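K.L.:
Sequence lines, in order, name chains A and B. Note that this note's numbering gives residue 47 to position 47 of the first sequence, counting from 1, and the numbers run on in steps of one. Note that this note's numbering gives residue 119 to position 119 of the second sequence, counting from 1, and the numbers run on in steps of one.
What the hints contain is simulated information worked out from the structure, not anything from laboratory work. The structure presented is a predicted model; accordingly, all values stated were derived computationally and were not measured. Since no wrong hints were added, every one of them can be taken at face value.
Which residues of chain B face chain A? A few of them, derived with a C-beta cut under 7 angstroms, are: (1) 51; (2) 54; (3) 138; (4) 189.
Straight-line C-alpha distance at most 20 angstroms; calculated PhoX-like pairs for lysine-lysine: (5) 160/A with 176/A; (6) 29/A with 158/A; (7) 382/A with 181/B; (8) 158/A with 24/A; (9) 9/A with 181/B; (10) 24/B with 156/B.
Covered stretches of chain A, as calculated for chain B (at least 3 residues, CB under 8 angstroms): (11) 3 to 13; (12) 362 to 368; (13) 434 to 443; (14) 446 to 453.
No residue lacks a Cβ here, since even glycine has one placed at the ideal position from N, Cα and C.
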Amino acid sequence: MQVRSMHFKARAGAAAVDRVLQGKLATAKGLFVDGRRRAVAEIDLEATRETSKAIRNRAVENLDLWLERFEQEATRRGGQVLWARDGAEICRLVTEIARRHGVKKAIKSKSMLSEEAGLNAALEAAGVQPVETDLGEYILQINDNEPPSHIIAPVIHKTKEEVADLFARVHKKPRKTEIGEMTREAREMLRTHFLSADMGISGGNFLVAETGSVALVTNEGNGRMVTTLPRVHVVITGVEKVIPTLEDLATLMRILPRSATGQSISNYFSVLTGVKRPEDTDGPEHLYFILVDNGRVDLLGSDFQGMLRCIRCAACMNHCPVYQTIGGHAYGWVYPGPMGSVLTPLFIGIENAIDLPHAATMCNQCGVVCPVKIPLPDLMRKLREQQVERGLRPWGERAALRLWSWLARHPGLYSLAAKFGVRYLNWLAEGGDRIRVMGIAPSWTAGRDFPAPEGRTFREIYAERQGK
Amino acid sequence: MKVGLFVTCLVDLMRPRIGFAAIKLLEAAGCEVVVPMSQTCCGQPAYNSGDRRAARLLAEKVISEFEGCDYVVAPSGSCAGMIRTHYPDLFAEDPAWRERAAALGARTHELSDFLTTVARLDQVPGDFTGTVTYHDACSGLRELGVKAQPRALLAKMPGVRLAEMEGAEECCGFGGAFAVKFGDISARLAEKKCDNVRASGADAVVLGDLGCMLSIEGKLRRMGDERTRVLHIAEVLAGVAEGKG
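Next up, chain B with everything else stripped away, as it sits in the complex (with noise of 0.2 angstroms):
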């Protein structure tokens, strides 16, 4: 089976040992994983500030260099969401182009859910001792239905504990262009959502997007909190939850 990853911009940037985790959690389930080298972005920040025109170019982009692949998974449930769901309507008025989306969305994952529903990962190859607690992302679980997939696999870790929090399936405030345009809003948001992390008593907030990743983190640290961890589900599976974060 031939998985595409597709790294996301944000890992690229900012958390590079999740794409690393990534590929060997896709490894351990028995996938031959391809990076294809000139992957940018899926174009979701066009898409949503209203430039249809750039966001398509993107998407015919990715698309080009990921049908090749059996299937493709994001380390994100916001990017896999835009492949998957988005992708299609983009292509709304060119039927060519339009059943190249469908037939590769179809086949985009997110992380959890591909490890959980197609690749059935039985083993997780890393361990992980403490409490945790799951952020569900809004794009992974509103537009993907990931909320089961990777508290699954977190159950498959013996040393793993999961205090669910309250309000685990709100928007933790990042929203893309949001976290910038409505900073105030948005780093209000952030701070219900480190509340509720807070009060779970986890020592770590455990979630599948980077964006959400970086509006938790940079409150919590901001709010005095130097204990809570916040770390993406590819590194605590794949036992890199190490170092900064």
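With the rest of the complex left out, here is chain A (with noise of 0.2 angstroms):
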């Protein structure tokens, strides 16, 4: 995908001031916060989420064993086990999938990993037409190849009159605007893709590595379609994705619908295992498993490896005031919110997303929903410091930090700083309470006034009482 994330203070200055995506976003907020609620209040949430974690450690930790775990049980089961380092090889592995089978179509559920690929470029450039199943992604798709918003509601930034429109001018069929004929429509447009595809592409939420076998949540049902109709499937997926056991996978089913979308069970949860037996009525006769690197290896070892915890629920971006204001489209990539806001520099390079660590006021909304506990607030000023550390800070911002953190150590100077600053902004505010136009803030004043002080700070005023 395009790596847009060096425009963000553009994009979300333009999304902050957009009432009709806040609109939208307020719903979704609505659906997820208190769906999430209401769900995490059927467990133990903090024991769940401390298990989770415990789990996901687990996991990582012994990344290499898990992984080659899973390479046996896969293989022994007629998978076949592919690694891609990056986005380039995911494109090339699938494409040489497609071409030793003869695929000319292929049908997907939803998967990041092909955003982050940019898949669907490649599959149609190697001519193999791919055609998105979720009813979301294929809203994008037809859309001209639109990004997603938002990792699991990837079409959130849109109204149902959009869509409308939008079917109508595709589909060359009446215009239609309740959602369940606008449904219907989709399905019976997917519906000969599913029966005519060769290949079926899917992502995974969770690989368990005893059994070989790759876990889907969704809710739609086209993952099922997508995993089972056609000859070939292929799962692509990161590396740290890989959990040990069923058992943990039980654990993690707990966390994970109710974390996402507030259900306590997704309306479909598919545990897929091997390719078709002959006693099998359906299911691929050829499976394969490409297991991703593009940035993750790197995390081990690193600040970061908590990151890689992560199980893409999306909490952390549902819960963040800053994601609420401005949807996703301005992060950039792929991932947005804070956890994009955490992946996308590790990923794509910090000096390719440098605003995207501070697009955070550090509220920690984010950090208490995570469901294995990634501290996400201090992972983002881990990068920050990362920054500062490499000296990709704007000059003026490090002189100005610069300057105010030697004034505080010097304590005799810095109150004189203190006397004279608040002096200046009583004047700029000309006797009243309040300063509407402020030179060295402007972004501040743009939007909203800054009060004027008091006075006098309060060490002269104390030093004055105490000398009475």
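From these two lone chains plus the hints, build me the complex, please.
P.N.:
Printed below as a string of structure tokens:
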């Protein structure tokens, strides 16, 4: 996927004044935030978070061992495990598989790795027609391959009316506005693809090492068609998605749908193991797992290893005040919101996503809802530290920070500076109780006033009172 | 009980009366209050800007200044949270300093938390008449668990009626340097907060952090709301909620 994270500031600024977008995000927030609150009340949330964190840590700490075990078990059941270092390798492997099996059409259920790799464009270039079958991803694909703005609700930024217009235009059918009818129309359009595809491509929510299985959490049923109808099934997922046992899967499944969509259990939950056996009525004849690094392995042993615990539930973005205000597109790559502000710089280079770790008020709403207890604000701060260490911050910011921290270590000069500062601010307030335009921080006063200081500093008054 | 008042740089600059209100409350709770005059800032601006070195130097300064006190109290969940939960992290590679940081952190409290859980203030000295709504500042709430404490104190005031707002726990958009780096997003968040404050019908929004105060008051006034007051919990409890604001 094309990286546009360097344009965060401009795009976020435009989104911040987009009331229509915010209206849509508010609806989704109601759905996901309230839904999660109700669903997590059914379980011992803190204990489940702690156990889930421990499971994911155990997997990540011995990633090589669990991946080897997964490979053995998956291979034993007729699957083939392939390894991709980056997006280009994903594209190469998938197009090779397509060529080997004479594939003309590939149906896809949602895969963020496929977004990382820009797989659809590569498939088209290789003469294979990719068809997204997740309703949201389908809408984006027929809208000229628009990028998703959320990892589990990719068209959260669109209204029903926008989709109605799009369907009428692309499907060349009478415009429908009732959601049930629209979904039925999409299903009709997709059905022929389901039946004529030679290959199914899916992501994977978890890989179970002890059985060589892939677990899929979906709500539309398209995932089942994609993974069982075509003769070839390709699973593309990050290496960190492996977990040791089915027991672990059971625990994580208690918290994933609840955190993600506020469901006790998703509409569909599939654990897919091996190729079609003679006695089976369906299933793929050929099963491939493409396990992807694309920046993940470098996080092992680093300050950011904890990020590999992420189970992609999107609770962090659903609860993020910044995401709720600007939506996902401003973040400029596959992953938006707090998890994206950490992952994007790590995957595409911190110099290419300089604003993302700063695009947070550090309110820690994300940290307290994360089902695997990733300290997202701490990780954003560590990325800020790396920017400072590598001299990537703007000159003015560095100078201001240096001057301020030097002053703060020299109390005499600091109190003098504070004294003058307060008088300067009061001068700007022109005797009133607020400053309407502040030259040193115009971005503050562009959107709100800056209250004027009371008059003198605390230390001035306190010293005077002590002197008496 | 010797309590060191960590005034905070924003109270020093913007609202000294909150510092004096804090002293009044601590004294009412029977504490001996000391105010080390060399104090400046807890270092959070440097810490959150990624300048670990500068943050560490300021942390060392704060630790040295306040180590002699039984407790450190700040009229801010953000600064108290910095000292309590983040100072130990700054000294991850220095066991001696880390221990000093952890020891001071364990004795550091946000004002309303200290008044309820440690000093057990019985009688609130001030009085205030009106309907208030309480804004839970992020650091106090999520780093220090400050939620019931300010409400318990307000409940001791017969003239105060608490009208909870929608989204009381949602960020006001301040976020330190965020408010300037992303002024547009920040102002929009402040606006949502102010809409909730106004919808509560309260005469005043009460809070425990200066950053939120600047953001919320600045936005209310820009929205043309000259009526809703923005008050620090210390001002209300100490009965000094007058003047500008």
